[in-house]
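Protein chains: 2
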Amino acid sequence: KIVELVKEHFAPKKEQLLGGEKIVITAGPTRENIDPVRFFSNRSTGKMGYALAQAAKDLGADVTLISGPTNLTPPTGVTFVEVESAANMLDAVMNVFNDASVVIKSAAVADYHPKVTFGQKMKKKDGDLAIEMERTTDILKTLGQKKDGQLLVGFAAETEHVEEYAMKKLQTKNADLIVANNVSTEGAGFGGDTNIVTLFYKDGHHQDLPLLSKKDVSERIMNEVVNLLKERSK
Amino acid sequence: KIVELVKEHFAPKKEQLLGGEKIVITAGPTRENIDPVRFFSNRSTGKMGYALAQAAKDLGADVTLISGPTNLTPPTGVTFVEVESAANMLDAVMNVFNDASVVIKSAAVADYHPKVTFGQKMKKKDGDLAIEMERTTDILKTLGQKKDGQLLVGFAAETEHVEEYAMKKLQTKNADLIVANNVSTEGAGFGGDTNIVTLFYKDGHHQDLPLLSKKDVSERIMNEVVNLLKERSK
Numbered sequence: 001k002i003v004e005l006v007k008e009h010f011a012p013k014k015e016q017l018l019g020g021e022k023i024v025i026t027a028g029p030t031r032e033n034i035d036p037v038r039f040f041s042n043r044s045t046g047k048m049g050y051a052l053a054q055a056a057k058d059l060g061a062d063v064t065l066i067s068g069p070t071n072l073t074p075p076t077g078v079t080f081v082e083v084e085s086a087a088n089m090l091d092a093v094m095n096v097f098n099d100a101s102v103v104i105k106s107a108a109v110a111d112y113h114p115k116v117t118f119g120q121k122m123k124k125k126d127g128d129l130a131i132e133m134e135r136t137t138d139i140l141k142t143l144g145q146k147k148d149g150q151l152l153v154g155f156a157a158e159t160e161h162v163e164e165y166a167m168k169k170l171q172t173k174n175a176d177l178i179v180a181n182n183v184s185t186e187g188a189g190f191g192g193d194t195n196i197v198t199l200f201y202k203d204g205h206h207q208d209l210p211l212l213s214k215k216d217v218s219e220r221i222m223n224e225v226v227n228l229l230k231e232r233s234k
Numbered sequence: 001k002i003v004e005l006v007k008e009h010f011a012p013k014k015e016q017l018l019g020g021e022k023i024v025i026t027a028g029p030t031r032e033n034i035d036p037v038r039f040f041s042n043r044s045t046g047k048m049g050y051a052l053a054q055a056a057k058d059l060g061a062d063v064t065l066i067s068g069p070t071n072l073t074p075p076t077g078v079t080f081v082e083v084e085s086a087a088n089m090l091d092a093v094m095n096v097f098n099d100a101s102v103v104i105k106s107a108a109v110a111d112y113h114p115k116v117t118f119g120q121k122m123k124k125k126d127g128d129l130a131i132e133m134e135r136t137t138d139i140l141k142t143l144g145q146k147k148d149g150q151l152l153v154g155f156a157a158e159t160e161h162v163e164e165y166a167m168k169k170l171q172t173k174n175a176d177l178i179v180a181n182n183v184s185t186e187g188a189g190f191g192g193d194t195n196i197v198t199l200f201y202k203d204g205h206h207q208d209l210p211l212l213s214k215k216d217v218s219e220r221i222m223n224e225v226v227n228l229l230k231e232r233s234k
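Just so you know, the sequences run in chain order A and B.
The working numbering numbers the first residue of the first sequence as 1 and each following residue consecutively.
The working numbering numbers the first residue of the second sequence as 1 and each following residue consecutively.
Heads up, some of the hints might be wrong.
If several chains are the same, the list does not tell them apart, and a pair holds so long as it fits within one copy or across any two.
[To be verified] Cut-off 27 Å, straight-line C-alpha distance, at most; resulting in silico cross-link-like pairs (DSSO-like, lysine-lysine): (1) K123 / K147; (2) K125 / K169; (3) K125 / K147; (4) K124 / K169; (5) K125 / K115; (6) K123 / K146; (7) K141 / K124; (8) K13 / K214.
Think of the hints as simulated: they come from the structure by calculation, not from any bench.
Just so we're clear, the structure is a prediction, and the values are computed from it rather than from any experiment.
Build the full structure now, drawing on both the sequences and the hints.
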């Protein structure tokens, strides 16, 4: 810990290209409770989002990291908000959205949650069981509708038709940039320390990044954020 | 790490009360996949099971720890088998059951899994969704039916009617001991470092343990295992 702080102190400081920017980053999975013991979740580990928070902070941004349950330690110097469900995540994002200049939604938020959450552990019975699910509020779409100058970056984790789904997401969600990956590709996606992403832009072009560490991917994404903010202020 | 090994080396060695015993311990949650991204799981973190594996090893047992996904490091010197789903867990347990003298089932195995696991990420649609679930194989019950001299210890994690459910489990599963707790009680259950359990015995009596660290609970349970093995060999 001390070694880390000393190293950080003597590391060449990056140019503070995001100084003065308020950046909100969401990370990790959400958990949707069926009862006090059982839940739905997904394979997101939060590594991508925590790396983005670190990269944004290194460029001088004022960072709020809103995270579902992970085992990661938040970067020092960022405001950390821990949430559990998709509904909690929505509330936490809406609380800080108005003051934000950039929102990066890297969390893997549940699309569905159980219609009923039981207060006591559901006892198993013989036979089958249908769990009735309903849609959660689409956070990216909500932000896209409400945005008032904020730069909006979304993620698309797919296992097929990546380009098609990413372009559709860019348009229907009113996002400025979509970071898409095929999570079933070796070296990409959940859990690992590397990722292979493609950046999709509003004007229809896209940029493929090679296999990179999640740290390097984060730095590349933050550079794009810097560029998009510059273009905007022209 | 080195400090730990040195400490261990010089620690007073416990009496090897379980020397020569082959003990299988299951731990953690299971994950039941809906698709490559989404799954069902539960709040078990594996702490209780890993503490039991350590306690059994400290008493000289030959320990196999079969664990669902957790963030814990298995104790040194135990055979470690990592599994994901309830079906994987069943296979792993059956592989070692015949040679075991004691099986302690502390894992929180899913009771239900989706009838269909999709090969590609399910795309969300407008409207509700019913997920069709079917029962997984009841591992404790299966072991209870097949047991041939093995001592069988089960766990019951409940949020209400703990005694009633535990006694029922003891009888219907043909277990020798049930360790029951109310996971909604402060200081007991998933995630924390302490537990409050009650031990239920075949002859109908039970023993309440106070709030203890999971390490201490584990040592108390292993003492009971030693006693039950002694009784059996009379």
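- Task: Give the relationship of K125 and K147 under a CA distance limit of 27 Å: within one copy only, between copies only, both, or neither.
- Result: Between copies only: 24 Å across, 47 Å inside.
Review point. Can you tell me if K141 and K124 fall within 27 Å by alpha carbon in one copy, between copies, both or neither?
Key: between (37 Å within a copy, 14 Å between copies)
With identical chains treated as interchangeable, where does the CA-CA distance between K13 and K214 reach 27 Å or less: within a copy, between copies, both, or neither? within (20 Å within a copy, 45 Å between copies)
I want to check one pair: K123 and K146. Are their C-alpha atoms no more than 27 Å apart within a copy, between two copies, both, or neither? between (43 Å within a copy, 24 Å between copies)
### Query
What label fits K125 with K115 when the C-alpha limit is 27 Å: within, between, both, or neither?
both (20 Å within a copy, 16 Å between copies)
(request) Pop the pair K125 and K169 into one bin, within, between, both or neither, using alpha-carbon distances up to 27 Å. (result) between (41 Å within a copy, 13 Å between copies)
Could you figure out if K123 and K147 sit no more than 27 Å apart (CA to CA) within one copy, between two copies, both or neither?
-> between (45 Å within a copy, 25 Å between copies)
Open item on the list: When Cα atoms must be at most 27 Å apart, do K124 and K169 count as within-copy, between-copy, both, or neither?
Closed with: between (39 Å within a copy, 12 Å between copies)
Checked against the numbered hints listed earlier, the structure breaks none of them; every hint is satisfied.
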